[in-house]
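Student: Start counting the sequence shown at 51; every next residue gets the next number (this note's numbering).
Worth flagging that the hints you see were computed from the coordinates, not collected in a lab. Nothing false has been slipped in among the hints.
Straight-line distance between alpha carbons at most 30 Å, and here's what the computed DSSO-like set of lysine-lysine pairs gives:
#1 K268 <-> K195
#2 K239 <-> K201
#3 K239 <-> K268
#4 K201 <-> K268
Source: prediction; values computed, not measured.
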Amino acid sequence: MAKPQPGPKGKKPAGPPSPPPPAGQAGAGAGAGKPKTATRYHCVVCKKQGISRFADSTGKCQQHGGSKSGGGWPWLRALLLALLALLLALLLSRCPVGPLVPPVPASQPTAAPPVTPGGKVGKPVATAPVVVCPTTLRVAAFFDKNGNGAKDNGEPLLSGFQFRIVETGTVGTTNSGGADAMEATPGRKYTVVITGQPGPWMASAPSQEVAAPPCQDKTVYFPSSAAVIVTPSPTPRETPSPTVKPTEKPDRETRERQTPVPTATPKPTPRPAPVLSPSPSPVKTPDPTKDYDCRCTPPSSPVPTPSPYPSGKPTPSPVFP
Numbered sequence: 051m052a053k054p055q056p057g058p059k060g061k062k063p064a065g066p067p068s069p070p071p072p073a074g075q076a077g078a079g080a081g082a083g084k085p086k087t088a089t090r091y092h093c094v095v096c097k098k099q100g101i102s103r104f105a106d107s108t109g110k111c112q113q114h115g116g117s118k119s120g121g122g123w124p125w126l127r128a129l130l131l132a133l134l135a136l137l138l139a140l141l142l143s144r145c146p147v148g149p150l151v152p153p154v155p156a157s158q159p160t161a162a163p164p165v166t167p168g169g170k171v172g173k174p175v176a177t178a179p180v181v182v183c184p185t186t187l188r189v190a191a192f193f194d195k196n197g198n199g200a201k202d203n204g205e206p207l208l209s210g211f212q213f214r215i216v217e218t219g220t221v222g223t224t225n226s227g228g229a230d231a232m233e234a235t236p237g238r239k240y241t242v243v244i245t246g247q248p249g250p251w252m253a254s255a256p257s258q259e260v261a262a263p264p265c266q267d268k269t270v271y272f273p274s275s276a277a278v279i280v281t282p283s284p285t286p287r288e289t290p291s292p293t294v295k296p297t298e299k300p301d302r303e304t305r306e307r308q309t310p311v312p313t314a315t316p317k318p319t320p321r322p323a324p325v326l327s328p329s330p331s332p333v334k335t336p337d338p339t340k341d342y343d344c345r346c347t348p349p350s351s352p353v354p355t356p357s358p359y360p361s362g363k364p365t366p367s368p369v370f371p
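All chains, full assembly: derive it from the sequences and hints.
Tutor: Put into structure tokens, the structure is as follows:
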């Protein structure tokens, strides 16, 4: 067995290193007697727990500046507080600050508190009321006699023209005194379109654009002229031709009833042929002045009389009803 080597003067010889104590006993004697110093074992335990620093006096795995529960993250708390303050400021900026003041109508004087040079607010001073005057718009059509496009004296107003205001959709009809007044917004432009006109008259312009002046009664005039009425010539009417109905074919019974039955023609009774008697030939008287032949001359044969029928019998002819 090897003997221990003598150490330096005044010191005990170094022995074998003591085995590390089991886990969980590093700080068991803290506070009971002399505090123990941290050993390499404590450092290994603290590294496994994710802590790189610890107090050497007690040997517990603790960070400087706080415990494991988050004392080492002071900037995170400051960030959360800043976000909370910003959110609160945004909510307060949407709410009105100060007492609610009821709105004052435009027809009443508005009181404005004067501000002195020192920044102090004095008594309210009454201001002049805001006067709102109505603006009306009228539409009329007239007979432009001279054709200059302007309403002159002696040119009568016409009735029966139908119009529509595009911006408001208002429709109306002109009369001999113009049209009913319609409210309009001062300074706004309106487009008036003629949608219908009476038969003998025709507007020279189908639409007009006008701006409504404030506190005035504006009338839009449409110049018109007499329309040329062309009388259409009457269209000749065609004489309807009679409808020819198709001939229906008779059935068998109808054909049998309509077919004429041939009537039997009576046969003529044969008549006996007349017996022709030969006519005696004239006897020549001898002329005593001539010499005759003493020879005998045979008697001449009788000449037959022609029959009234060629074949000897009458031929019956057909008889039709």
